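*Asks:* The listed protein sequences derive, respectively, from chains C and R.
Numbering (this note's numbering) for the first sequence: 1 to 356.
Numbering (this note's numbering) for the second sequence: 1 to 356.
By construction, these hints were calculated from the structure, which means they are not laboratory data.
As the structure is a prediction and not an experimental result, all values here were calculated from the model.
Among these hints, one or two may not hold up.
As the list claims (entries may be wrong) - Between beta-carbon pairs, the in silico distance windows are: (1) C/N149 - R/K49: 50 to 58 Å; (2) C/I51 - R/N91: 50 to 58 Å; (3) R/S74 - C/N248: 29 to 37 Å.
To be verified - Derived pair list, reagent style BS3-like, types lysine-lysine, alpha-carbon separation capped at 25 Å: (4) C/K308 - R/K78; (5) C/K27 - R/K224; (6) C/K308 - R/K224; (7) R/K111 - R/K78; (8) R/K77 - C/K181; (9) R/K282 - C/K65; (10) C/K222 - R/K111; (11) R/K209 - C/K111.
For every residue, glycine included, the Cβ atom is placed at its ideal position computed from N, Cα and C.
Listed below, chain by chain, are the residues.
There are 2 protein chains.
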Amino acid sequence: MRIKEFSAVLGKKNADFALFYSSDSIKINPNVFYFSGYKGLGALVMPAKKIPFLVVPDMEIERAKKSMIKKVYSMEKKKFFESVYKVIKKNKLRAKNIAIDNNNFTLTSYKHFKKQFKNIKTKDINLDCLKLREIKTEKEIQILKKSCNYADKIIQKAINNFKDFKTESEASSFLDYETKKNGLELSFSPIVASGSNGSMPHYEPSNVKIKKGFCVVDFGVKCKGYCSDITRTIYVGSPSKKEKEMYNLLLSIQKNTINQIKNNKKCSELYDYASKILGKYKDNFIHGLGHGVGVEIHELPNLTLNSKDRIRNNMVFTIEPGIYFPKRFGIRIEDTVLFKNKPIILTKTSKDLLII
Amino acid sequence: MRIKEFSAVLGKKNADFALFYSSDSIKINPNVFYFSGYKGLGALVMPAKKIPFLVVPDMEIERAKKSMIKKVYSMEKKKFFESVYKVIKKNKLRAKNIAIDNNNFTLTSYKHFKKQFKNIKTKDINLDCLKLREIKTEKEIQILKKSCNYADKIIQKAINNFKDFKTESEASSFLDYETKKNGLELSFSPIVASGSNGSMPHYEPSNVKIKKGFCVVDFGVKCKGYCSDITRTIYVGSPSKKEKEMYNLLLSIQKNTINQIKNNKKCSELYDYASKILGKYKDNFIHGLGHGVGVEIHELPNLTLNSKDRIRNNMVFTIEPGIYFPKRFGIRIEDTVLFKNKPIILTKTSKDLLII
Numbered sequence: 001m002r003i004k005e006f007s008a009v010l011g012k013k014n015a016d017f018a019l020f021y022s023s024d025s026i027k028i029n030p031n032v033f034y035f036s037g038y039k040g041l042g043a044l045v046m047p048a049k050k051i052p053f054l055v056v057p058d059m060e061i062e063r064a065k066k067s068m069i070k071k072v073y074s075m076e077k078k079k080f081f082e083s084v085y086k087v088i089k090k091n092k093l094r095a096k097n098i099a100i101d102n103n104n105f106t107l108t109s110y111k112h113f114k115k116q117f118k119n120i121k122t123k124d125i126n127l128d129c130l131k132l133r134e135i136k137t138e139k140e141i142q143i144l145k146k147s148c149n150y151a152d153k154i155i156q157k158a159i160n161n162f163k164d165f166k167t168e169s170e171a172s173s174f175l176d177y178e179t180k181k182n183g184l185e186l187s188f189s190p191i192v193a194s195g196s197n198g199s200m201p202h203y204e205p206s207n208v209k210i211k212k213g214f215c216v217v218d219f220g221v222k223c224k225g226y227c228s229d230i231t232r233t234i235y236v237g238s239p240s241k242k243e244k245e246m247y248n249l250l251l252s253i254q255k256n257t258i259n260q261i262k263n264n265k266k267c268s269e270l271y272d273y274a275s276k277i278l279g280k281y282k283d284n285f286i287h288g289l290g291h292g293v294g295v296e297i298h299e300l301p302n303l304t305l306n307s308k309d310r311i312r313n314n315m316v317f318t319i320e321p322g323i324y325f326p327k328r329f330g331i332r333i334e335d336t337v338l339f340k341n342k343p344i345i346l347t348k349t350s351k352d353l354l355i356i
Numbered sequence: 001m002r003i004k005e006f007s008a009v010l011g012k013k014n015a016d017f018a019l020f021y022s023s024d025s026i027k028i029n030p031n032v033f034y035f036s037g038y039k040g041l042g043a044l045v046m047p048a049k050k051i052p053f054l055v056v057p058d059m060e061i062e063r064a065k066k067s068m069i070k071k072v073y074s075m076e077k078k079k080f081f082e083s084v085y086k087v088i089k090k091n092k093l094r095a096k097n098i099a100i101d102n103n104n105f106t107l108t109s110y111k112h113f114k115k116q117f118k119n120i121k122t123k124d125i126n127l128d129c130l131k132l133r134e135i136k137t138e139k140e141i142q143i144l145k146k147s148c149n150y151a152d153k154i155i156q157k158a159i160n161n162f163k164d165f166k167t168e169s170e171a172s173s174f175l176d177y178e179t180k181k182n183g184l185e186l187s188f189s190p191i192v193a194s195g196s197n198g199s200m201p202h203y204e205p206s207n208v209k210i211k212k213g214f215c216v217v218d219f220g221v222k223c224k225g226y227c228s229d230i231t232r233t234i235y236v237g238s239p240s241k242k243e244k245e246m247y248n249l250l251l252s253i254q255k256n257t258i259n260q261i262k263n264n265k266k267c268s269e270l271y272d273y274a275s276k277i278l279g280k281y282k283d284n285f286i287h288g289l290g291h292g293v294g295v296e297i298h299e300l301p302n303l304t305l306n307s308k309d310r311i312r313n314n315m316v317f318t319i320e321p322g323i324y325f326p327k328r329f330g331i332r333i334e335d336t337v338l339f340k341n342k343p344i345i346l347t348k349t350s351k352d353l354l355i356i
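Work out the full structure: start from the sequences and follow the hints.
*Replies:* Shown next, in the form of structure tokens:
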């Protein structure tokens, strides 16, 4: 995506090329995927003025050739940066100023890299990449909409079947199964946090019986590599009047916050708005208001207290206020939202309190 | 695990403490988990002579308190290393020589870290941690055995149901579902690669019909955070005599290689042995012979051509020769093996060619 704009970034930075790498088959460098569509191990080199290429281990060559990058070189076993260096020499690329992503570059890799690339300067382009990725293209928006549609369809099916799930794991594995059955991946391991477990925003579902009370279900799929993210809190049993009020308060805050979204609005102001109208529950809101969504589940913009980001056209992000009471329960309501002149909610599953 | 041995490592390195961090909720720093059992965001500080502690965001405090570490501090929002620095000052810890894991430390984090920790020296303990983790404790071996038992049980169930799966995704999501239903996690996204897809060792299953011919199924679960890893190649349809011979050749190589495993044996020699007896298929073997398995799916020892590792008691690793023919098919047979005076195969699913 946006390879031309990226070339302009390199030009401005006076960088000869950008070098990204994925050394871990579990967590692929998001920039490698964003620019190439390749999800395997290896390095992606993007020269400022020539076409990009991949250097990958033998076992990945066939997969790499199926990506958007047509120039693929073989990497010698265990000689990662040595192989990249050789290919760069072979292509007679100037290598004085090299752009790298400091946030996807480990100290170990840097040492190996500098052993090959001597007398060079590196320029950190982490933020430049995040800033590029923050504004989605029309093509990306179409994929993100599809991703959200799938998330809706699958979470709705889970809600419809919820009374049949005995344990949190069963509910979570149902979400998982439906995702894979549709040929999709998960954005993250689904969260099903019942009763007191709901007070831990990043709780991992376990093989325990679904407790009575609020149950937080946080779920998202990856469609063609693009994430969606949705949370619904349902109620197992009979909620008290106070519980209903609390849920509806949070829901109105979520809706009102979405209505505050305008072009150029500071993200920190949105956080502040939600935090203020939470009133006495302000301190029970223990995480950010939201985050950008794209090839990564967490990217720019940041909707937090100290964020410097502002809302712009074609951003896609979550709005997810929550309140948490340690050892008692938690409630969170989250949508993925596209901003295009106005906020457009992409996840459409009903937010009325669902009582199971 | 092995906190005493780790203190000795710090002593030998003259380090005041070790600092590990997880900044990504998708991929947790394996050392944070190994030493603390904590799987959330935050920093783990392990002083050479005092008890370890965690510094975590508010939203993770409750989860952190359920780990093996009882001393948990709150991290100020967005002030990761600043918070860690404050806690270290508060605890009056000397901070001159700090041990860090260079392979789980990004350039961005290092910059933030050095802003707080001035005039310090860092010592890379990546290899020390890997070396500690390479030799399993009795407790870990018990968990790894359990993890392999689960992997066996689930892959066997998938094999029994295989004829009902229409697509690769269906087979893969079945493995997924059974994993979660048992309250386990996946070690990695299951690989179901049928027909020509089997020639890509890291192929991702997709929503395509299962093709006739060899089908590689590579799968593993995480039980209490510990991985298992098993691959079986089954045959859909009627294999030719030559295909059967090829499968049985690979199987005999896998078995014979396991029989070569002895205490103090060089891992590179094991690779060499398997590679040699592959004869004319030597060049179709495009990846390592195996890898250690523990809290990470890939850890030490490395069973590759250039490995410097040797087999020792209480190591757990895979033996997984494979042969691949681009655009045609692939075959791989993999077991997780414990070495304890002799090789003990922990994954016990039958390796006879299964024809579906």
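*Asks:* Give a verdict on every hint.
*Replies:* Each hint, compared with the structure:
{"no.": "1", "hint": "C/N149 - R/K49: 50 to 58 Å", "verdict": "56 Å, holds"}
{"no.": "2", "hint": "C/I51 - R/N91: 50 to 58 Å", "verdict": "54 Å, holds"}
{"no.": "3", "hint": "R/S74 - C/N248: 29 to 37 Å", "verdict": "30 Å, holds"}
{"no.": "4", "hint": "C/K308 - R/K78", "verdict": "12 Å, holds"}
{"no.": "5", "hint": "C/K27 - R/K224", "verdict": "21 Å, holds"}
{"no.": "6", "hint": "C/K308 - R/K224", "verdict": "40 Å, violated"}
{"no.": "7", "hint": "R/K111 - R/K78", "verdict": "15 Å, holds"}
{"no.": "8", "hint": "R/K77 - C/K181", "verdict": "39 Å, violated"}
{"no.": "9", "hint": "R/K282 - C/K65", "verdict": "23 Å, holds"}
{"no.": "10", "hint": "C/K222 - R/K111", "verdict": "32 Å, violated"}
{"no.": "11", "hint": "R/K209 - C/K111", "verdict": "45 Å, violated"}
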